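Chain A is fixed; fit chain B onto it per the hints.
Protein sequences, first through last, are from chains A and B. Residues in the first sequence are numbered from 1 upward in steps of one, following my numbering. Residues in the second sequence are numbered from 171 upward in steps of one, following my numbering.
A hint or two may mislead.
What the hints assert, rightly or not - Not close to chain B: a few residues of chain A, all C-beta gaps over 12 Å, as computed: (1) Trp21; (2) Arg22; (3) Gly35; (4) Leu40; (5) Val42; (6) Leu47; (7) Val71; (8) Ala74; (9) Asp141; (10) Glu150.
As the list claims (entries may be wrong) - Which residues of chain A face chain B? A few of them, derived with a C-beta cut under 7 Å, are: (11) Leu99; (12) Leu100; (13) Arg102; (14) His103; (15) Leu104; (16) Leu122; (17) Ala136.
Honestly, the hints are just simulated from the structure, not real lab data. All values reported here derive from a predicted model rather than from experimental measurement. C-beta atoms are modelled at their ideal positions from N, C-alpha and C, and glycine is treated no differently.
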Amino acid sequence: MSEPPSTTVDALEPWPDTVEWRPVSPKLIVVELIGLAVWLAVFTAGLGIAWFFSRHPGWLIGIGVVLLLGVWRAVVHVRAVRAWGYAERDNDLLVRHGLLLRHLSIVPYARMQYVDVTAGPLERAFGLATVQLHTAAAASDARVPGLPPEEASRLRDRLTALGEDRAEGL
Amino acid sequence: MHPLSPLLSGAKSIVVIVAALSWQTLSQLGTTHFAMLVAILAVGVVIFSVIGWYNTGYQVIGRELRIAEGLIWRRNRAIPLDRLQSVELRRPLLAQLTGLAELRLEVVGGGKTEAPLAYLTVREAGLLRERLLALSARTQAGQSASVAEPAAGAAAVTTAQAPLYRVRNRDLLISQLLTPQAFFLPIGVAWVVTQFVMEGSWTFVGIASTVTAMAGVLLQPIRRVLGDWDFQLGRDRDRRLVLHYGLVETRNQVVPPFRVQTVRVIWPFLWRKARWLNLRLDIAGYSGPEPGDDKNSDRLMPVGDIATARSLVAAVLPGVDLATLATSPPPARARWLHPIGLRFYGAGLTPDVFVTRQGRVTREVSLVPYARLQSVRVVQGPLQRRLGLATVYADTAGGRSGVARDRDLAEAWALAEQLAVRARAARVGGS
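Excised from the complex, chain A in its bound form (with noise of 0.2 Å):
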């Protein structure tokens, strides 16, 4: 990191006091590593079978690579939950994500055409889901996974309200 000595600010903490970030539920981080391990499985269950048949060591190495990667994605899984976070200001919603590519998103209320509750089998078996918000740009990503649904359905209906207050889409 060479930040420029003029600049303090850091690309995930823009205007630090008058934003309050909400993170998003540490359960998320449960679930994606769970998603992350059935992967896992299936592909180091895949070389072992090959590896049985075949007793190649080269199927070894392959599972050691899967390992390796899996124990690297988990890691980075984790930390980009933690760096998700989500903000509601009076006139916008501010939405955060990414640690490589880090990518902050300011929707107005105002343009929002609908919102999008998900919850996949996983995702409910945690009590989580995921709300988006869609402006009639393509572009726009304003997504938060991993909420509880009472804060979820609580966003949604604060969004929907907000947006009909604000009216006009275009």
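Using the frame of chain A, we list chain B on its own:
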């Protein structure tokens, strides 16, 4: 719909079918069989179109346009007219010969043009368009309460136009000769000819296929000339933009000014000598950026000099003067990411629009009005993080974003904040 429309739409399908059958089939089947095959398919297509036509209809109910179509899969759709983005009247060659027109309505959300009404008589289409636009304007006025006059144009048949600008066809020809494709055309032809001379295989099919394949790529300038022929830009009483262009297929497009999402000023390398510019405008509803696609109706000025461009930009985005748009380049350390063209990147906030510029060879300036801003994004990649830079995107519904690349991080935050604030101010102030 007009009774001739099944024939016309059928003719279109037949062309597609013949193209799909290709030259190869022609040589295999022989001309008589080929003609028979085409004839059978043509009859089938026409019958199908007649059935389709019989079940297609539209009507205006209140503030909605309802369109019903389909026999097996019936589809009824209602289009709220206050969501109308632009209306285009298209007349392909056959329709021109028969005095018909196709009415295309652009609404947001569809990947392609929703609801093309094909075909109506020109008069009918013009009337319907006037009616739809009047209804649309009325709801708009009712909503924003900014326009006092309630669009009294119900009786207006002709769009009274005050021409702002028209392109001389000579300029258009020259400008399209100055494109890379035009330069490659002789090379391509020479290459094909030499290949045939060398190999000595003068089969008709071979030549025909090559020519057809080449035509697709290399005749783009010609298609553009035909498409932009006789380009006229005007403005009707309600200050809507009226664009008219095309030779083989004429298009007549009406765009309410508040529907313009972005304006792009493009300055191709080869046009610099002539000091020519190309202006394009984005409207929500037309599909996203597809390079080299000339089907999009996004022209504002096919070719023109800077003075014209200035006046046109001022007409489309009131209060914006192209000559006074100040942009600042990214900080010098961004040269690691852009070794060559750094000083051609830039971004600037002006009172009404967000200006970004980029491109070394083909210079491009995008203007995004704050009032049309959908969302703001700040993205920082790993390299940018090392250098303390970030990229700011200003998204619009037109599918294109104003992109301020590699700004200083603090500046990027300030930009994002300013964009958000100004967008809100512009919205509240009545868009």
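Item to check | Evaluation of the interface hint that places alanine 136/A against chain B, nearest CB under 7 Å | outcome: 4 Å, holds
Item to check | Non-interface claim for alanine 74/A versus chain B (Cβ beyond 12 Å) | outcome: Given that every Cβ of chain B is farther than 12 Å from that of alanine 74/A, nearest at about 20 Å, it holds.
Item to check | Non-interface claim for arginine 22/A versus chain B (Cβ beyond 12 Å) | outcome: Nearest chain B Cβ is 18 Å from arginine 22/A, so the label holds.
Next on the checklist: Given a cut of 7 Å on the nearest C-beta pair, is the interface hint for leucine 99/A held or broken against chain B?
Outcome noted: 9 Å, violated
Item to check | leucine 40/A and chain B, when compared Cβ to Cβ, separated by more than 12 Å | outcome: Non-interface label stands for leucine 40/A: nearest chain B Cβ at 25 Å, farther than 12 Å.
Checklist entry - Do the numbers back the hint for arginine 102/A, that is, is its least Cβ distance to chain B under 7 Å? => result Since chain B brings a Cβ to about 4 Å from arginine 102/A, closer than 7 Å, the hint holds.
Checklist entry - Going by Cβ atoms, does tryptophan 21/A stay more than 12 Å from chain B at every point? => result Its Cβ never comes within 12 Å of chain B, the nearest being 14 Å, so this holds.
Checklist entry - Hey, does the histidine 103/A contact hint survive, CB to chain B under 7 Å? => result 5 Å, holds
Item to check | Consistency of the no-contact label for glycine 35/A, given chain B and a CB cut of 12 Å | outcome: Check passes; 24 Å lies beyond 12 Å.
Next on the checklist: Using Cβ atoms and 12 Å as the threshold, tell me whether leucine 47/A really stays out of contact range of chain B.
Outcome noted: 30 Å, holds
Item to check | Claimed clearance of chain B by valine 42/A, with the beta carbon kept past 12 Å | outcome: Given a closest Cβ separation of 29 Å, the condition holds.
Checklist entry - In terms of Cβ atoms, is chain B entirely out of 12 Å range of valine 71/A? => result About 20 Å separates valine 71/A from the closest Cβ of chain B, which puts it past 12 Å; holds.
This entry does not satisfy hints 9, 11, 16, going by the numbered hints stated previously.
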